[in-house]
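> Those sequence lines, one after another, are chains A and B. Residue 277 is where the first sequence ends in the working numbering, and the numbering goes up by one at each step. Residue 277 is where the second sequence ends in the working numbering, and the numbering goes up by one at each step.
Honestly, the hints are just simulated from the structure, not real lab data. Watch out, some of these pointers could steer you wrong.
Derived DEER-like restraints, expressed as beta-carbon distance ranges [what the hints assert, rightly or not]:
(1) B/Ile110 <-> A/Thr105: 27 to 35 Å
(2) A/Ser132 <-> B/Leu221: 39 to 47 Å
(3) A/Pro269 <-> B/Gly220: 17 to 25 Å
(4) B/Glu204 <-> A/Ala108: 28 to 36 Å
(5) B/Ala104 <-> A/Arg198: 56 to 64 Å
(6) A/Gly142 <-> B/Asp111: 40 to 48 Å
(7) B/Thr97 <-> A/Asp245: 51 to 59 Å
Which stretches of chain A does chain B cover? Using the computed rule of at least three CB atoms under 8 Å from a CB of chain B, they are [said to hold, decoys possible]:
(8) 110-124
(9) 183-190
(10) 238-250
Just so it is clear, the structure is predicted and the values come from calculations on it, not from any experiment. Ideal placement from N, C-alpha and C gives every residue a C-beta, glycine not left out.
Number of protein chains: 2
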Amino acid sequence: MTATASPPTRNGVDTATLFATIDAVKGAPQAAAFTFRADNEWVSGTHNRSTIHGFFGVGEERAHEHTFTFDADHPAVLVGRDNGPTPVEFVLHALAACLTAGLANIAAARGITLTEVRSTVSGDIDLNGILGLNPAVRNGYQGITVKFTVRGDAPADKLRALVEQSRARSAVYDVITNGVPVAIEVDAG
Amino acid sequence: MTATASPPTRNGVDTATLFATIDAVKGAPQAAAFTFRADNEWVSGTHNRSTIHGFFGVGEERAHEHTFTFDADHPAVLVGRDNGPTPVEFVLHALAACLTAGLANIAAARGITLTEVRSTVSGDIDLNGILGLNPAVRNGYQGITVKFTVRGDAPADKLRALVEQSRARSAVYDVITNGVPVAIEVDAG
């Protein structure tokens, strides 16, 4: 009898490769130095487009399998032409995506099979800030709320613990809650 | 002879509407309270998808003209299937898009016609943080650099000043450099 082994995945996560990757980085910590990039080109008005393709990691320049392009714009009510979401909406997507990816990995590592993960991320912003009308109002979000629905084959407290551990190890959560220094260089002429 | 008036735009920005909008908010500051949202659904492994459509602003629930969906994933080297950029790359896109949209608006307001605006945003991240291998390493980017190329019908110092004013009024720059409180709620079961 020939047995066909299932691939060692749970939640679509190849846990053997995940653990092997962590072990590899443990032995060569410098492999974990990554640089990600986005190239943006102005189109017209508030409409512009980013291309995401190459990145540096594990010691060399690499690239995604595809070239990804994303348009951003303002809606008409914010004097744009609505060719894409606003930049601040992409921040919410990034946060949801990071917490959810981590959650799936952590669940797989803990032997928990997920059946559903949904979230709604909302951010409150007072545009008196960016319009320069009230110096007491910040430009960015005043607060962001993430509402998760998580279903799987573990008790509720174990499922909640997945979200907590994902939060504790989320790159985007760290960026958004703690801030990052940003340097801007300009070639003008 | 019939004259056809050009629309009062510069850089694709309808400056008359832009100024009218600012004046309207000046008279009714509460109109500037916006809430943006992204709905995310886990697909498999590190692959998940956000939908961006509705938002609240100028006193009522509104929606983009289209429903925008964005996939996020990890590349194979980070144990994903590369169905989309990583969440942290979307953060770079958001920053580039916000600074560029602001720049075009400010240039229009200052009577400067732009011919080219490009930027590359790069972020350095040490994955020893999110992998839990070194508690001294943060999860998120350690630093982000934005390199702008700006061309237009003004001297270099005036073009540089556009970038500086856009930075000073950018929602995403504020979010990324200063941080925002994030609340997470979980419905688990």
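> Taking 27 to 35 Å as the stated bounds, is the beta-carbon spacing between B/Ile110 and A/Thr105 within them?
violated (53 Å)
> Against the range 39 to 47 Å, how does the distance between the Cβ atoms of A/Ser132 and B/Leu221 compare: consistent or not?
holds (45 Å)
> Is 40 to 48 Å right for how far apart the beta carbons of A/Gly142 and B/Asp111 are?
holds (44 Å)
> Is it true that the C-beta distance of B/Glu204 to A/Ala108 lies inside 28 to 36 Å, as the hint says?
violated (46 Å)
> Is it true that A/Pro269 and B/Gly220 lie within 17 to 25 Å of each other by Cβ?
Since the Cβ atoms of A/Pro269 and B/Gly220 sit about 24 Å apart, the hinted range of 17 to 25 Å holds.
> So the hint says 51 to 59 Å: do the beta-carbon atoms of B/Thr97 and A/Asp245 match that?
holds (57 Å)
> Taking 56 to 64 Å as the hint, is the beta-carbon distance of B/Ala104 and A/Arg198 inside that range?
58 Å Cβ-Cβ, so the 56 to 64 Å window holds.
> Please check whether the region 183-190 of chain A has three or more residues whose CB lies within less than 8 Å of a CB on chain B.
Since three or more residues must qualify, the claim that chain B covers the region 183-190 of chain A holds, with 8 doing so at under 8 Å.
> Are 3 or more residues of the region 110-124 of chain A near chain B, judged by a Cβ distance of less than 8 Å?
holds (count 9)
> Do three or more residues of the region 238-250 of chain A come closer than 8 Å to chain B, measuring C-beta to C-beta?
holds (count 6)
Hint compliance for this structure: hints 1, 4 are broken, all remaining hints hold.
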